[in-house]
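Produce the entire structure from the sequences given, and follow the hints as far as they go.
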Amino acid sequence: MKAIVSLLLATASLPAMAQDLSAPSSEDAPVETIESSSEEREIVITDEAAWSDIGIAIPAFATDRDRPTPANEAGTGALGREVARVITANLRNNGLFKPVGPDSLPQPAFAQVRAPAYGTWSGRSAEMLVQGYVTARDDGRLVVGCYLYDVALQQQLVREGWVVAPGDWRRAAHKCSDLIFSRLTGESPFFDSRIAYIAETGPKNARVKRLAVMDSDGANHRFLTLGSATALTPRYSPDYSKILYLSYVDGNPRIYVYDIGTGKQTLVTENRNPTIAPRWSPDGKSILYSMAVSGNTDIYRVPATGGASVKLTDNPGIDVGGSYSPDGSKIVFESDRSGSQQCYIMDADGKNQKRISFSGGRCATPEWSPRGDQIAFTRIAGDFNVAVMNTGGGNMRVLTRGWQDEAPTWAPNGRIIQFFRTEKDTGRSGIWQVDLTGQNERRLPTPVDASDPAWGPIRP
Amino acid sequence: MNTKLATILLLASATGLAACAKKAPETLPPEPVQTTFPITQPTPQVQPTGPAVGTQGHFAAAVGSSTTIYFDTDRYNVDTQDAAALQAQAQYFSRYPQITFTIEGHADERGTREYNLALGERRANAAKAYLVSLGVDGNRISVVSFGKERPVALASNESAWAQNRRAASVIIN
Chain D
30 MKAIVSLLLA TASLPAMAQD LSAPSSEDAP VETIESSSEE REIVITDEAA
80 WSDIGIAIPA FATDRDRPTP ANEAGTGALG REVARVITAN LRNNGLFKPV
130 GPDSLPQPAF AQVRAPAYGT WSGRSAEMLV QGYVTARDDG RLVVGCYLYD
180 VALQQQLVRE GWVVAPGDWR RAAHKCSDLI FSRLTGESPF FDSRIAYIAE
230 TGPKNARVKR LAVMDSDGAN HRFLTLGSAT ALTPRYSPDY SKILYLSYVD
280 GNPRIYVYDI GTGKQTLVTE NRNPTIAPRW SPDGKSILYS MAVSGNTDIY
330 RVPATGGASV KLTDNPGIDV GGSYSPDGSK IVFESDRSGS QQCYIMDADG
380 KNQKRISFSG GRCATPEWSP RGDQIAFTRI AGDFNVAVMN TGGGNMRVLT
430 RGWQDEAPTW APNGRIIQFF RTEKDTGRSG IWQVDLTGQN ERRLPTPVDA
480 SDPAWGPIRP
Chain W
9 MNTKLATILL LASATGLAAC AKKAPETLPP EPVQTTFPIT QPTPQVQPTG
59 PAVGTQGHFA AAVGSSTTIY FDTDRYNVDT QDAAALQAQA QYFSRYPQIT
109 FTIEGHADER GTREYNLALG ERRANAAKAY LVSLGVDGNR ISVVSFGKER
159 PVALASNESA WAQNRRAASV IIN
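Just so you know, the sequences run in chain order D and W.
Residue numbering for the first sequence follows our numbering, starting at 30 and increasing by one per position.
Residue numbering for the second sequence follows our numbering, starting at 9 and increasing by one per position.
Derived from the structure by calculation, the hints contain no laboratory data.
Source: prediction; values computed, not measured.
We put the CB at the ideal spot given by N, CA and C, even for glycine.
Computed footprint of chain D on chain W, listed as stretches where at least three residues anywhere in the stretch have a Cβ under 8 Å from a Cβ of chain D:
hint	region
1	125-131
2	161-174
Selected chain D positions facing chain W (in silico; Cβ < 8 Å):
hint	residue
3	233
4	261
5	262
6	280
7	281
8	303
9	326
10	363
11	394
12	407
13	435
14	453
15	481
Right, dumping it as structure tokens:
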């Protein structure tokens, strides 16, 4: 369990800039993990299609005593049902499983959580069983236990528990979802994460664009700016303490570092040239930005704590964006130096720049997978689609078929890609997801139109 | 220059009025200074009503559609049509040397967001560079890119996109 690192920035106070910011409120602390089990048995899946046949039963989580809690006005008993619903939705939306949730299942007693009545479940054709409990401590914090059982073998596969503030109850449900998902697929977790994005309203020629954040399933939504100035292209810092984004609040495109806890923001550079396309390094210590000097845009790197910028590209073409490999050694970026937008890789210090996209069409907005093995990008060949390729530029696969699908961002486990889809003529936009196989394409629910999603890492 | 003349005349007449309000002073007030002012070039539409100099309305009335130049997809070069429009702008701005203005660079929706911000910046700078080459002082010209964020034509077709790929000179008060 990692502690949250607090980054200190050189302050360049801009009191006028605060006019477009909503009231601040800090993001939550790490979840305290208790009662973790060791690996007991591996399940190896060779064909993902087999997963959808596996019935997973997720009855309501039990409680020892039905106590009031700020997390649910009906108490811990009702909260247990909500937790099971969140887990069910997570696993269903993920597309790999067909879970059956608490509204269709009997509720286990508290004593049965650790000692399942296997007969009940095998009679229902459930192959996997998730059981859990929610209890409220005297200090108000909640204890959530999560257990996964193989019904046929009558064996516990994995268990874990967490202590959370009442306001973080959904995080415990996501941690449980991640535990189950990882144990059954062998993949890394991703449910307990948040997304920064741009919420859009208004007519096509007068869009109001606000910075917003939400959980990976769309819950716990907050607007961070008021919309009086256009906000674009946000990025969560790796520790979730800050968001980089572009704002026109002073009339020009400038990148700000927004501290979520204090609500204050600072410029990423004092340079008055227009700056766009902010990016974090995987260790959170560096920030990439693209800056236009006399009309020519190049990519720069600056320490997150402030200081001198280093110019990484130096080319009369438009060089913009950039995404680090997970080990921080390389950066993939887009450039039109060849005459059209294509994708290039360079060392993190800017050396050895070489083109990797040769599959036909254009390559834009490249993003390196957190697993390090794939690069997602916007492929432009008439329409815009989300595509992936390996880090050498080979084995390109187009994953979507929209008219304008743009700006992929990876789930923390490198298995799912979010992007935004714009509708022809109306300009309406929404955030969508697709998995790496190109299947399970679905829209993420947002309060209004949405664009520029940026998926943060797994939360500690 | 017209305003300077007007100001001098106002001051002179105020002095005169002040003198009339009192007893005749021991020393006469100075005569209004007769100076010659350079004759301004006749302007095409010096009307008592209408947009004032220094407004976008006055600029648009003077140069018409030449406030804005247009570009092909992914291009940012000033073609012959653009050059003619920028000539008209340069003449206007030399006529009113006190005016500062902004060139906004735009792109159509058929481009990715960040690339379009950079492309809009290219377009605005190309227009600025051309105006500077025509003698307009670069210090009078600000540049801002809006990428694809501020379309004027809202359909998703070639005609609308062509209208959105533009660099617009704007006087902001």
